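Chains E and C supply the protein sequences, listed in that same order.
Residue numbering for the first sequence follows our numbering, beginning at 1 and increasing consecutively.
Residue numbering for the second sequence follows our numbering, beginning at 1 and increasing consecutively.
Simulated from the structure, these hints should not be mistaken for lab results.
Here the structure is a predicted model, which is why all the values come from computation and not from measurement.
Backbone N, C-alpha and C fix where the C-beta goes; we use that ideal spot for every residue, glycine too.
There could be a bad hint or two in this list.
[To be verified] Covered stretches of chain C, as calculated for chain E (at least 3 residues, CB under 8 Å):
hint: 1; region: 151-158
hint: 2; region: 167-175
hint: 3; region: 242-256
[To be verified] Calculated from the model, a selection of chain E residues having no Cβ within reach of chain C, i.e. all distances over 10 Å:
hint: 4; residue: Ser45
hint: 5; residue: Arg112
hint: 6; residue: Thr174
hint: 7; residue: Gly249
hint: 8; residue: Val250
[Stated by the list, open to error] Selected chain C positions facing chain E (Cβ under 10 Å, derived; list incomplete):
hint: 9; residue: Ala105
hint: 10; residue: Ser162
hint: 11; residue: Met180
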Amino acid sequence: MPERGHETKLVLDDLRKAYPGPLPVLDGVTFDVAPGEFVSVIGPSGCGKSTLFNVIAGLERPDSGRVLVDGADATGHVEPFAYMPQQDLLFPWRTVLDNTTLGLEVAGMSRRAARERARPLFAEFGLTGFESAHPYELSGGMRQRAALLRTVVQDRAVLLLDEPFGALDSLTRTDMQTWLDGVRAHFDWTVLLITHDIREAVFLSDRVVVLGPRPTRVRREVTVNLPRPRELAMITSPRFAAVEEELLGVLRDRS
Amino acid sequence: MSTTRTGGRRTISAVVPSLVLVALGLVAWQWYVTAADVRPQILPSPLRVATQGWAFHEQIWANTLPTMQVTAVGFGVSLALGWALAIAVDFSPWLRRALTPLLVASQTLPIIAIAPLLIIWFGFGLLPKVLVIALVTFFPIAVGLIEGFAATDRQATNLLRSMGASRWKQFRYVRLPGAMPSFFTALRIGITYAVTGAIFAEYVGATAGLGIFMSLQKNSFRTDLVLAAVVVTALLSVTLFGLTYLVQRLAIPWHGKERRRA
Ligand SMILES: Nc1ncnc2c1ncn2[C@@H]1O[C@H](COP(=O)(O)OP(=O)(O)O)[C@@H](O)[C@H]1O
Ligand SMILES: [Mg+2]
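Just chain E, with the same shape it has in the complex (with noise of 0.2 Å):
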């Protein structure tokens, strides 16, 4: 393994993992993302997308490789990471407030101590008033939010999110997309992101990395050079479209 400068906040060295059946999922995924940087993972549906971020979050065991984080292994490991999975999941029997407390509720912290923590993010997340609402009460885009904050609260080194926006109407989306790297600038946050939505990943993204499909590994990974904030007019820019070109062409490829 080559050595690596300081600048890698999570290394994913060569992970492979195989479930019964005639093909493995991973077949050797290797890519490292940096302190504070917002990297994308788009791929076939199916390829094993969903299965790399429960290898990395530690919640299943890689057949082979390793996950480092902050140059430490961190395979198997779930502290230093935050997972959101693809449904929000927010609990009916919470309230929204709870809901955002229960990973540090979970983490032995006292209810009145994980509120404290929680309670100064909703103006920043957008539901300021909704503390003590329960999730029904909630449009599908506040939800969302709602579970990033639950995410982002646990203060974990690194953020994985799986597809958070792919059940919104897509101009929720839009807008959720927008707050995300709004959001984002007030915050340190390492965050890898799955989508299936190329222009999100490159709305959004320092870096794009691209799965080929199963058995999947990298098969390209793009940096985005657009300035932040990112604004809603890029959409439409040259730089923006070459990008997106550049993936899509790499996604078509059945080579």
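Could you slot chain C with the ligands onto chain E? The hints should help.
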């Protein structure tokens, strides 16, 4: 139907059709018994059931109390066992495999044959009746809970694991509350069996209770009093059934709302 009507009024309007049907049935019954001049030992008229039932209300009430007591104790034991077993099964895959066939087998026991044996073994006291009630109500409760726990979303489990939750915390924060709707459904099934179970156990042998009351009245051809006791039994079941909704609304107020949204 107005959507602004209150829960209470909605409940009342929901039972109106049943009440109308019952009233029609009673009228037809009364008419038939009068017109065909049926002997009351064979089929008493509803009016006769009501008047004789009232005439004997002290005796009926004195027999209702023991039945209620037996039902409460038996169902309480059943609940405690059902919870203990379901939690144990949820934490131990080995126990799950070991106990699932036994649970099913317990349902194939012919209670009709077992109940008299229980009386022989344990006498006319509380124990054999509690055992009968537990035998008939334990299964739906245990299975409702076991399936409720097991129905927990895999992703929800993963979310909790990613937060570092132990198996116990996964249970406490997600599996347990998530199983509550399923538990209340099972509770409703169980509680209706509980009353009939109590009556049956008393019918086989008891010193007091609606079951033995019915048995004695049947033997002296007081069909009207048997039916009066049947009515009391039905009222008891319906009341307990309704109570489960009340408890559910207090215990998991979030349930109906979440479902109505979807
Ligand atoms: N627990 C599992 N057991 C067997 N096969 C699985 C399991 N989880 C995922 N798979 C298979 O692995 C492949 C990748 O799944 P997934 O990671 O969810 O894909 P993606 O998120 O890219 O759509 C799929 O073909 C899926 O059927
Ligand atoms: Mg997926």
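Hint by hint, here is what the structure shows:
Counting residues of the region 151-158 of chain C whose C-beta sits closer than 8 Å to any C-beta of chain E gives 4, which meets the bar of three, so the coverage hint holds. With 3 residues having a Cβ less than 8 Å from any Cβ of chain E, the region 167-175 of chain C passes the three-residue criterion, so the hint holds. With a threshold of 8 Å between beta carbons, the proposed coverage of the region 242-256 of chain C by chain E holds, since 3 of its residues qualify and at least three are required. The claim that Ser45/E is not at the interface with chain C holds, since no C-beta of that chain comes within 10 Å of its own (minimum 17 Å).
Every CB of chain C lies more than 10 Å from the CB of Arg112/E, the least distance being 17 Å, so the non-interface label holds. Look at Thr174/E: its CB is around 24 Å from the nearest CB on chain C, clear of 10 Å, so calling it non-interface holds up. In this structure Gly249/E is separated from chain C by more than 10 Å, as the shortest Cβ-Cβ distance comes to about 33 Å. No Cβ of chain C approaches the Cβ of Val250/E within 10 Å, the least distance being about 29 Å, so the stated non-interface status holds.
Given hint, Ala105/C at the interface with chain E, is violated; its Cβ is 33 Å from that chain's nearest Cβ, farther than 10 Å. Hint status for Ser162/C: holds, given a least beta-carbon distance of 4 Å to chain E, under 10 Å. With a cut of 10 Å, the hint placing Met180/C at the interface with chain E holds, because the nearest CB-to-CB distance is about 8 Å.
The structure does not agree with numbered hint 9 stated previously, though it agrees with all others.
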